[in-house]
Each structure stands twice: as C-alpha cells, then as structure tokens.
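Participant: Here are the chains, one letter per residue:
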Amino acid sequence: MADLRNAAVGAPGTRRLLWTLTVLSLLLLSLVFLHIAYGRTVMSLPEVVSALFNWTEDAGSRHIVWNLRLPRVLIAMAAGAMLGLAGAILQIVLRNPLVEPGLIGVSAGSVLTIVLAVQLLPAASLSGGRLSLLAMLGGMLTVILIYVLNGRKGNSGPRLALTGIVVTSVLQSLTSLLLLKQQQGLASILLWNFGSLNGRVWTHWHTLWPWALALIVLALLLARRAAVLRFSDATAVGLGLPAGRTKLWLLLTAAALTAAAVSVVGAIGFIGLIGPHIAGRLVGGHPLRLFPVSALFSAVLLTAADWMGQSLTLTLALPGLEHRVSSLPVGAVTTLLGAPFFLYLLRHSLVHRRSGGS
Amino acid sequence: MAGKTYTTGRKVILPVFLLLVVLVATASVGLRSGTPVLGWGALADLLWMGGGEELARTIVLDIRLPRIVLGLLVGALLSAAGTLMQGALNNRLAGPELLGISAGASFAVAAITVLHLPIPFHLHPMLALAGGLTGGGIVVVAARGSKGATGMLLVGMAVSAMLNGLLVVLIAMGTSNDVNLLYTYLLGSLANRGWEQVLRILPWFIVLLPLALALARSVNLLQLGDETASGLGVKVDRARLLVLIVSALLVAVTVAQCGPIGYIALLAPHLTRALTRSQDVRLVLPVSALCGAVLLTAADQMARLWLEPMELPVGVWTTLIGGTIFLLYIVTRRGGGVHG
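Same order as they appear, the protein sequences are chains H and D.
Each residue of the first sequence is one higher than the last, beginning at 2 in the numbering used here.
Each residue of the second sequence is one higher than the last, beginning at 35 in the numbering used here.
Everything labelled a hint here was simulated from the structure, so no lab data went into it.
Treat the hints with care, since some could be wrong.
Stretches of chain D that chain H covers, calculated by requiring three or more beta carbons in the stretch to come under 8 Å of a beta carbon on chain H [stated by the list, open to error]:
hint, stretch
1, 155-167
2, 185-193
3, 196-203
4, 221-233
Predicted, not measured: the structure shown is a model, and the values here were computed from it.
Cβ atoms here follow ideal geometry from the backbone N, Cα and C, with glycine treated the same way.
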C-alpha cells in the first residue's frame, strides 16, 4: 500500500495535479461569469458581480442572475462533475476506454425508472429526493444487467460498448413510449432522452446538491482503493486487496452518481467519456489524480457546452427558425462534441487491438 | 440441376405460405379494427361488393388500406436493403439503422421540412439518398482498417448519434413544440399517410426491387469473402460499392416518406435465413422482402391498435422489440464471433 501511495502522491505528480486543478478552477470560474452574463439579456461583468452580491437596486437583473442563471450554472457544474466522475470510475472498473454512463445504459436506465415512477406512483410520494433514489435503483440494475450480459466472455472493449449501446437504445425507446403515451411535449422528451438544462431552477439544485456532495466525496475516498484495479485481478489478490468488493462499491457509486445527476438534468451523453480521457492526458491514469481532475474538467465541459448551446440559439440565424422558444438542449451539444471523440477513441482502440491481436 | 430447383422450391413454399397467411390475417384485422369496428361481413361487403356507408368506405379505403399498402412497400424495401448490405459487407450485424444511412437520410429530409427549403416532393428521395450516402460514407471511411463486425457497428452508431444530435438541434430550434417532427424524423412512423405517399413510393419500388434482385448474384459471390470473390472474377470493391449505393437508395426512399424505422432491415433477413435455411441471396432477398413487409405491417397495426385511440409511432415499437432481439443475438453469439 505504501508504495502505491508514493506512486500516487509523488512530488512531480502532485505539483502537476495542483497546477491542473488551479487552472481548471479558474477556467470554471470565468465560465460561470460568462454563462451568467451572456443570455437573452447581455450583462456586463460589473453588473453580474453587483447583482450576485446584492449590491444593485435593479430587481430585474437580480431576478435574472439569482433566479434564472445562477441555479442553472450551479446545476451544470455539479451534474458535469458527477457524470465525469462516474465515467472515470466506469472506465477504470470495466477496464474499457469506450464506456461512459450514457453509453452503457446507466443514464437510460435511470431515466426509465423516473419516467415509470412518475407515471405509476402518486405525485405526492415523489419528492425530488425519492425520485433520485428510484433513479439510482434503475441505474444500478442497468449496470448489473450490462455486467451479466457481458458475462465472463471477457470485457473486450468494443463488444462491451456495443452491448451497452444497444441496451441504451432499447431502454430509450421504452422511455419514449411512456412519454409519448402520456402525451408529453417535445421539451420533456428532449429533456429525458438527450438531457437539458432548460428551465432548471433552485428546487432542482436543492435536490441535486446533497447527493452531489455525498457521492463526490465518496468517490474521491474510494480513489485510493480503485488504484488496485489498475493491476490485474491476480496481482490485487496477491497484494491481499479485495478487488471484487472494491469493484462492486465503485460500480454502485458510479451508478448512483449518474442517476442522481440524470434525475435532475436528463440523460446528458458523452460528458463522462470526454472528461476522464482528457483528464488522463493531463495528469495520468492514477485514480487519486484522475478522479478529481475528471470531475473538475467535466464540470468545465458541461458548463461550456450549455453556454455554447445558449449562444448558438441566440446567434445562429437559419431560415425558418424564427419561432425558436427555448435554447438548445445541452445534450445535443455534448453529443455533437462527444460522438466524434468517441469515434476517435474507437479507431484508436480498434487499430491498437488489431496490431496487438495478430 | 432439376433436383436443386426442387429442393429450393420446397424450402421457399412453406415460409412464403406462412408469411402470406400472417399477412392476410394482419391486413384484414387492420382493415376492420379501429374506430369504427366493422363486422367481417360488412368488411367483405365493403371491399368486394362496393357496399357500406360513405364514411366507412372512406375510412377503410382511403385511410386504413393505403396505410397497410405503405407498410408493405416500406417493409419490403427496408428488408431488401438489409439483405443486400449484410451480404455485401459479409457482416450479419449490418443494417442501415446501424450504419448511419437511416440517420443521414432522416437528417436530410428533416432539414428540408424544418427549414422550409423549396424542394419539390419527388426530389426528397434524392436528397435523402445524398444524406444517407454521406452518413454511410463517413461510416465506411471511419471504419476502414478495423476488421471486426463490432468495430463497424460502433462507428456507425457514433455517426448516427452525431447526425441525431444535429437533428435534435434542428428540431429544438426550429419549432415551437412539435412532437410530430420527432415522431417522423427520429422514430419513424406510418401514421397519417395516404395514397399520396403510396404513389410517391411506388415507382421507386417498381424500379428498385428488380434492381436489387439483379444484384443478388454478385452479393452471393461477395458473401464468400473478398479473396474468393475476386478469384472468381468479381471486381470486389466496385461490386460492393454498387450494392451499397442501391441499398442506400432503397433506405432513402423509405425514410423520405416514413422516417427511419429501425431494426426491420436488420432482422427480416435473419428471420428469412432461419425460415428457409438458405444463404442464397437470390432466394433470401425476395422472401425477406415479403418477411419485412409482413413484420412492418404487423408492427404498425400493433402501434395503431394496442393503445387505441392513441397511437405511438411504429419506429418505437420496432426498436423496442427488434433491439431486444438484436441484443439477445449479439449476447448469445459464440464468444469470438462478434469480432469476426
């Protein structure tokens, strides 16, 4: 254990980690200001600051900043961090660079349970917290399903990813079915199947933050144990470390992180794929460094994606699109960014596998 | 040779008979059920004797009947495309919905509709084709060098995800709150179609299905693997390209009218090969066209009648059921098979 720890917090690594965290935090902070300042009503930086600290007398700008934009930004940050962390955990536990919560069906499973619960259970019994719990149940069941389906045939990268994607599409079609049956509007279908931050307000934040706090801390605490999984199972057993139980804990944590985020913002895809990969490039693959950087980087990503979606809605002038009422669902933006990234990883893994295999 | 023809004939007769029985059953249930429900006698009277009330006649002949006919045509075109693609790529997991073709075609048609581009209806299939070929082309280029079936599928799914992302951008920004667009261009639906759509698709059907059949021989050779095929004098790349373009066209024609209806093209050929116990494309292609026609019509009637008076787009049902079957298929396939 001691040498693992040294390897993790060795001097050069630590310095780099601190630098990365600092830079990312600054980036996140500036994105937050940008996001708050730029919307249908554009505000200047001093205006944002004075509204944030209640220095201004202008009730309008205080309302915009406090009631509309601040909760949305906070939710974007928290959800991004949670999805990124979940992605990092899944990639390490399943030893597969191609997985992320949205691609292996965890998000879709959580969404399905939520939609099902909303339809079947009386509304009174579904406070935000309980809905998240149900979502977690769905997410965990899906993780277990994928694990079982994939079986002992070995977690070969592409195969697991394929199983996950097909499970996702089946679960999504069930969700669409339920939503369409309830005659829900376009907005709710887009929210649940693609993920959206439109219209997220303080109540959503109040549901999200306790889970975010508890689960992110839990995941970071598990990081040292997760380090074991970088070795083969046999090595872990040789070192006297319980790899199986660690895996289970980590998988459940990942499912819970995903479900808690998804129950508020819908199935936002690909954040959990991009974040951990770039984090890995920045600070290396050791969980003690990978987990926090993944979380922070993914928070940056989701905030940036939402901001991009909003500004795109405001600036892009296409013929026939005069009647736009809401901004782009952020899930569409992350998909547009993430799918090419997935393609790139996939090519890498396929070519690598081929040269390694033959 | 005579003996061969005999066994081939026997292989086909039973499945075709079965499919026709299912077809007639589905069609007649579809024609009489709904609002209003007709008695069998009234239906027969209406269909053959020209009887019945004006309203009932309109409902059966102008609403229910064209929908069934459209389902048959679309199902047949899709399955023909699936059969050709699975043969030409020598990949039993291939299908237009997994290789970016459906998504590309759908995006093209959605762009025309949402952006109100001034393009006449009869040109929609051509633009859908352009979109489908672009989608499929990206997949083929991006999957170059990866040998397994799984690799190509994943590339296809990534490209489809990207195109669907663009589609959502388009729909989310373009409309106030129009779920119907989502129905049509993301899920695929046969609802609210009439003879007009049938007539738009029919010429393509008449031209393309014989064309597909004409390609069956070269697909048969491609199935043997590239080396054997080129040993037998086939220009492999050119033949494959031709087959893929024709399949993309088959798909594009359907997407232009009904949106991307998933998993019919993927599963009908499998079902047909199992029923006929044959790998010969000349035989599988026509039977699977029939099979796809029956599958889609049956699924559509289910979509229409199960939750009556509400109905859900048929694409949701085919994805739900077809996706589950496909999942079981890839999971139960023997270990290494998926990669090869």
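Participant: Identify every previously stated hint that the structure contradicts and give their numbers, smallest first.
Facilitator: 1, 4
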